[in-house]
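S.K.: Just so you know, the sequences run in chain order A and B. Each residue of the first sequence is one higher than the last, beginning at 1 in the UniProt record's numbering. Each residue of the second sequence is one higher than the last, beginning at 1 in the UniProt record's numbering.
Hints listed in this document are in silico derivations from the structure and should not be mistaken for laboratory results. Careful: at least some of the hints might be erroneous.
No distinction is drawn between identical chains; accordingly, a pair holds when it is met within one copy or between any pair of copies.
Using 25 angstroms as the maximum straight-line C-alpha spacing, the simulated DSS-like pairs for lysine-lysine come out as follows [claimed, not checked]:
| id | residue 1 | residue 2 |
| --- | --- | --- |
| 1 | K473 | K220 |
| 2 | K296 | K265 |
| 3 | K339 | K222 |
| 4 | K175 | K222 |
| 5 | K370 | K501 |
What you are looking at is a predicted structure, and each value in this text was computed from that prediction instead of being measured.
There are 2 protein chains.
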Amino acid sequence: MNRRGLAVLMRTRIRPSSAAHSTELSLFSPTSEADKMTTNPEANNKPSEPSKQISANGGDPDSLHKFSAQVSAQRGFELAREAMHSAISMNKTEVLDSILREFSEGYFGLSMEDRCKLLLVLAKDYDLNRNQVRELMNQYLGLQLPIDETGTEDEGMLSTFYRMERNLRHALRPKYDVLFERLNTHPGGLKFLSVLRADLLSIIEEDNIPSLRALDSYLKEKLVTWLSPATLELHCITWDDPASLLEKIVAYEAVHPISSLIDLKRRLGVGRRCFGYLHPAIPGEPLIFIEVALMKNVGQTIQEVLWDDPPIPECEASCALFYSISSTQPGLSGINLGKFLIKRVIELVKREMPQICTFATLSPIPGFMKWLLSKLAYQSKLAEAESLDMSCFYKDSAGSAFRENLLTAEEERAILDAAGESTSGKNGMEVLLNLLKSPNHDWTKSDRLLPALKPILMRLCARYLLQEKKRGKALDPVANFHLQNGAVVERLNWMADRSEKGLSQSGGIMVNYVYKLDSIEQNVQSYFSTGHINAAEDLHRVIQQT
Amino acid sequence: MNRRGLAVLMRTRIRPSSAAHSTELSLFSPTSEADKMTTNPEANNKPSEPSKQISANGGDPDSLHKFSAQVSAQRGFELAREAMHSAISMNKTEVLDSILREFSEGYFGLSMEDRCKLLLVLAKDYDLNRNQVRELMNQYLGLQLPIDETGTEDEGMLSTFYRMERNLRHALRPKYDVLFERLNTHPGGLKFLSVLRADLLSIIEEDNIPSLRALDSYLKEKLVTWLSPATLELHCITWDDPASLLEKIVAYEAVHPISSLIDLKRRLGVGRRCFGYLHPAIPGEPLIFIEVALMKNVGQTIQEVLWDDPPIPECEASCALFYSISSTQPGLSGINLGKFLIKRVIELVKREMPQICTFATLSPIPGFMKWLLSKLAYQSKLAEAESLDMSCFYKDSAGSAFRENLLTAEEERAILDAAGESTSGKNGMEVLLNLLKSPNHDWTKSDRLLPALKPILMRLCARYLLQEKKRGKALDPVANFHLQNGAVVERLNWMADRSEKGLSQSGGIMVNYVYKLDSIEQNVQSYFSTGHINAAEDLHRVIQQT
Numbered sequence: 001m002n003r004r005g006l007a008v009l010m011r012t013r014i015r016p017s018s019a020a021h022s023t024e025l026s027l028f029s030p031t032s033e034a035d036k037m038t039t040n041p042e043a044n045n046k047p048s049e050p051s052k053q054i055s056a057n058g059g060d061p062d063s064l065h066k067f068s069a070q071v072s073a074q075r076g077f078e079l080a081r082e083a084m085h086s087a088i089s090m091n092k093t094e095v096l097d098s099i100l101r102e103f104s105e106g107y108f109g110l111s112m113e114d115r116c117k118l119l120l121v122l123a124k125d126y127d128l129n130r131n132q133v134r135e136l137m138n139q140y141l142g143l144q145l146p147i148d149e150t151g152t153e154d155e156g157m158l159s160t161f162y163r164m165e166r167n168l169r170h171a172l173r174p175k176y177d178v179l180f181e182r183l184n185t186h187p188g189g190l191k192f193l194s195v196l197r198a199d200l201l202s203i204i205e206e207d208n209i210p211s212l213r214a215l216d217s218y219l220k221e222k223l224v225t226w227l228s229p230a231t232l233e234l235h236c237i238t239w240d241d242p243a244s245l246l247e248k249i250v251a252y253e254a255v256h257p258i259s260s261l262i263d264l265k266r267r268l269g270v271g272r273r274c275f276g277y278l279h280p281a282i283p284g285e286p287l288i289f290i291e292v293a294l295m296k297n298v299g300q301t302i303q304e305v306l307w308d309d310p311p312i313p314e315c316e317a318s319c320a321l322f323y324s325i326s327s328t329q330p331g332l333s334g335i336n337l338g339k340f341l342i343k344r345v346i347e348l349v350k351r352e353m354p355q356i357c358t359f360a361t362l363s364p365i366p367g368f369m370k371w372l373l374s375k376l377a378y379q380s381k382l383a384e385a386e387s388l389d390m391s392c393f394y395k396d397s398a399g400s401a402f403r404e405n406l407l408t409a410e411e412e413r414a415i416l417d418a419a420g421e422s423t424s425g426k427n428g429m430e431v432l433l434n435l436l437k438s439p440n441h442d443w444t445k446s447d448r449l450l451p452a453l454k455p456i457l458m459r460l461c462a463r464y465l466l467q468e469k470k471r472g473k474a475l476d477p478v479a480n481f482h483l484q485n486g487a488v489v490e491r492l493n494w495m496a497d498r499s500e501k502g503l504s505q506s507g508g509i510m511v512n513y514v515y516k517l518d519s520i521e522q523n524v525q526s527y528f529s530t531g532h533i534n535a536a537e538d539l540h541r542v543i544q545q546t
Numbered sequence: 001m002n003r004r005g006l007a008v009l010m011r012t013r014i015r016p017s018s019a020a021h022s023t024e025l026s027l028f029s030p031t032s033e034a035d036k037m038t039t040n041p042e043a044n045n046k047p048s049e050p051s052k053q054i055s056a057n058g059g060d061p062d063s064l065h066k067f068s069a070q071v072s073a074q075r076g077f078e079l080a081r082e083a084m085h086s087a088i089s090m091n092k093t094e095v096l097d098s099i100l101r102e103f104s105e106g107y108f109g110l111s112m113e114d115r116c117k118l119l120l121v122l123a124k125d126y127d128l129n130r131n132q133v134r135e136l137m138n139q140y141l142g143l144q145l146p147i148d149e150t151g152t153e154d155e156g157m158l159s160t161f162y163r164m165e166r167n168l169r170h171a172l173r174p175k176y177d178v179l180f181e182r183l184n185t186h187p188g189g190l191k192f193l194s195v196l197r198a199d200l201l202s203i204i205e206e207d208n209i210p211s212l213r214a215l216d217s218y219l220k221e222k223l224v225t226w227l228s229p230a231t232l233e234l235h236c237i238t239w240d241d242p243a244s245l246l247e248k249i250v251a252y253e254a255v256h257p258i259s260s261l262i263d264l265k266r267r268l269g270v271g272r273r274c275f276g277y278l279h280p281a282i283p284g285e286p287l288i289f290i291e292v293a294l295m296k297n298v299g300q301t302i303q304e305v306l307w308d309d310p311p312i313p314e315c316e317a318s319c320a321l322f323y324s325i326s327s328t329q330p331g332l333s334g335i336n337l338g339k340f341l342i343k344r345v346i347e348l349v350k351r352e353m354p355q356i357c358t359f360a361t362l363s364p365i366p367g368f369m370k371w372l373l374s375k376l377a378y379q380s381k382l383a384e385a386e387s388l389d390m391s392c393f394y395k396d397s398a399g400s401a402f403r404e405n406l407l408t409a410e411e412e413r414a415i416l417d418a419a420g421e422s423t424s425g426k427n428g429m430e431v432l433l434n435l436l437k438s439p440n441h442d443w444t445k446s447d448r449l450l451p452a453l454k455p456i457l458m459r460l461c462a463r464y465l466l467q468e469k470k471r472g473k474a475l476d477p478v479a480n481f482h483l484q485n486g487a488v489v490e491r492l493n494w495m496a497d498r499s500e501k502g503l504s505q506s507g508g509i510m511v512n513y514v515y516k517l518d519s520i521e522q523n524v525q526s527y528f529s530t531g532h533i534n535a536a537e538d539l540h541r542v543i544q545q546t
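One chain only, chain A, in its complex shape:
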């Protein structure tokens, strides 16, 4: 049964709407607002609409309601702020639960604007005490280093140093550290902190406020130490898991959206595996998960993985193909859990199915088209300027050094041939640009264009993956992720993802990265030390054609 047939059969897509989230595990209490807010912060960006009831005093009900909504929003902000203050300043022996609950519920009830205001209060009013820090530093600098004339350390003096250094460490902790620590102790608190950081990140993206950046970087350091991979439980997610957990998989699958219940069931069924990393303090919700297909050979298209072929008997599989990895917590951005997850999944699969000897991915190339289109557009502009002799466009004659023909002479000819009449006067890059930008990816439907473009796009894609860098690392984020973990770029696959997303991102090309167990460590080291991208020989050869 093909994808279309299934879609007709099912009619219902199960991507959750905000209502679907009401089954989520609550943060603090089963009836709290926290529920709906957790994954849909934007839903609460505006104060809730006032009910349409007419007020008794006969005034303009609309403006009255608007006013009362404002007042209640203001009140909500004040309450959340007070709860936050109590949560930070109360004595550690006082019982915290109710106050922390009050704070987090209050926070979830705020609009995004008020959340931002509150986070600013947190960052500014609960920063460290600079006067105290300076005083301690002056005392510290007044001490003689605890080394006597003979160069040996004086144990007695050292005691003083240890004590003062401890005090300095504590004084250099912003006051909001206490809030983070207390929330971490609290059931649901870690999840709340992840939501709070997600908010922070989205605010910073809009407006890069230094105090919020400092708050974020402090919180991130805390989250890194709390989310030790040794604490995470590797869970094999199956059709027998609770719907509330499976719903999360559907909601957060970021690479190849799950289209129906049957799709989900296949991904958890025979010949397939789905592994999630669960943290004990965030129950029922994997922080990150990976989907695996057990195959005879390294899969070449996402269609065969997800739809076309019935799975083979597992005992015949010799390859574990990782075809999707998704993280569920925007608030944990920058904390690389995927690395540990892949490592542990490989270990587990190897133990349970010793006949599996190849560990590979079938991965998207999310940045390829964006890179290619911008390269082509830039070159077209340069060419245009040159032909019009717009010397102002170049500062000096060296400007032409930026000109680069992305195509070989042969490729240029092939494109112009395939594109036919409408190309007169244009060069190959312009034609390619127009073809790739054509609506509905028309080029993929043409029997003339498709074979002509294939070798060109495949070569350029290899160049993109193997040579385009950013700060010494692969430009493509997925490539960088797998190379960091020690994989090798093994093979490019043409028309491997014909979905709208696949065509837009990478012209339908996908890539296999391979994890070769005996060379992972070596690859990691060479990638980090020299930036060398490990790839199969023939990929290097493809590039050298030019």
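Put chain B on the given structure of chain A with help from the hints.
M.R.: Same frame as chain A, now just chain B:
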């Protein structure tokens, strides 16, 4: 069946020997030395005995073996030290697993003496860089505070402060911080750190070296933040749990030793519960566990809980009696997990068995006899000195202010009467002291002495629990623990623990603390703020008799 019958029946006590630990979950690999070392560090205090093989060169085999053992111990130390250095100094992108494994296995292979040496190296050679700290401080102090004349903060200046404060925080971290963080990320690393801290504590107890104290206090702060109670799983331990876990319960039960398999089975059977706190990074080993008996009324003797009465049907129970709480990790000393455990167990029992309305303990009073005997001995000495007119014993006449008759006139008479002829010329306190110190607790076997001593010891015990303080807190550690958690001292129970340990610690007296759900918070606050010990009315009255 009584205790004696069982003992005869069983013959085998299952308190584990070092061999029993070979079933433990390994720290890093199933065959590593780590296994046996984990809970038996002392077993390796001396280098392993050389094999009795005779050397080929005909020299004195014994001294040769001693020499080669020394060489191999020295080599072991160097290897562990090198592995430690690599674990700290390697680049974070290098793969750590093998090095961390090497370090921990090397550490476990060391004698206690070499461990101490290695920990000193860690504390001293991997401390913070004081010159760097001073330099950063000087730079920091050179900055103008980021507040302009109008008293508002300059955001641009703040950025600099945030950056420098972050650098200072990092510079103030000793270099060994990296080792702790890396171990925490590593499977088995948290357990290893707990063993390492246990070693540290035992070394410090012998020799209070400032650098080791600083190392310990740093590590403790780390462990506190990693062992968040929200991360701990509350597990109801049953007879269906793996033997490797049950073995831990037997090994670590610190209050009422488990005498046989049948004893263990009863403690996990009908009418009983055992709850443990498990950390995901230390699998198969509760960090702390609590034993609960479901009873009609608050139990008065440990005999009835452990042996005498068959359990009642659980539906008839109205009281959950906590009769034992034990922590398994000496390396987590000072980290109060018990408080959270009791709270969560109460919540869980309330939810699952709503008919239970009383939550109480049956607790030992570990410090009572020690306190009483030292009080009595001191008073006897004072009395002796006075009777001999050893004026040098008092610095001045005010010395007599230390004299206190712990007994009322009536109690004095009762004791002298009961003790009979041998008491001539002695006062009541001297007689009491001698009786309590008599071998085999003979006083408990005398029909004359027992009833005479009962009211006296019960009154003094109430005084000990309710009035004797240390830094404003209850002197008795178990009392302090439950009072901190919000319990009330409810009732003293005479001859509630007739075991050797019970008689030595508290003359057989046990105490019920009660957790009254609606006053827990209030009790915590009053205990912490004023040191007030909440107790039942009649206990206060007993004391006021004097």
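S.K.: So, for every hint listed, does it hold in this structure?
M.R.: Going down the list of hints, with the structure as the test:
Taking the closest pair of Cα atoms, K473 and K220 come within 25 angstroms of each other only inside a single copy of the chain (22 angstroms); across copies the shortest separation is 38 angstroms, beyond that limit. Within a single copy, K296 and K265 get their C-alpha atoms as close as 21 angstroms, which meets the 25 angstroms cut-off; across copies the closest is 50 angstroms, which misses it. For the homomeric pair K339 and K222, the shortest alpha-carbon distances inside one copy (19 angstroms) and between copies (24 angstroms) are both at most 25 angstroms. Within a single copy, K175 and K222 get their C-alpha atoms as close as 14 angstroms, and across copies as close as 18 angstroms, so both meet the 25 angstroms cut-off.
For a Cα distance limit of 25 angstroms, the shortest separation of K370 from K501 inside one copy, 12 angstroms, qualifies, whereas the shortest one across copies, 76 angstroms, does not.
The structure meets every hint from the earlier list without exception.
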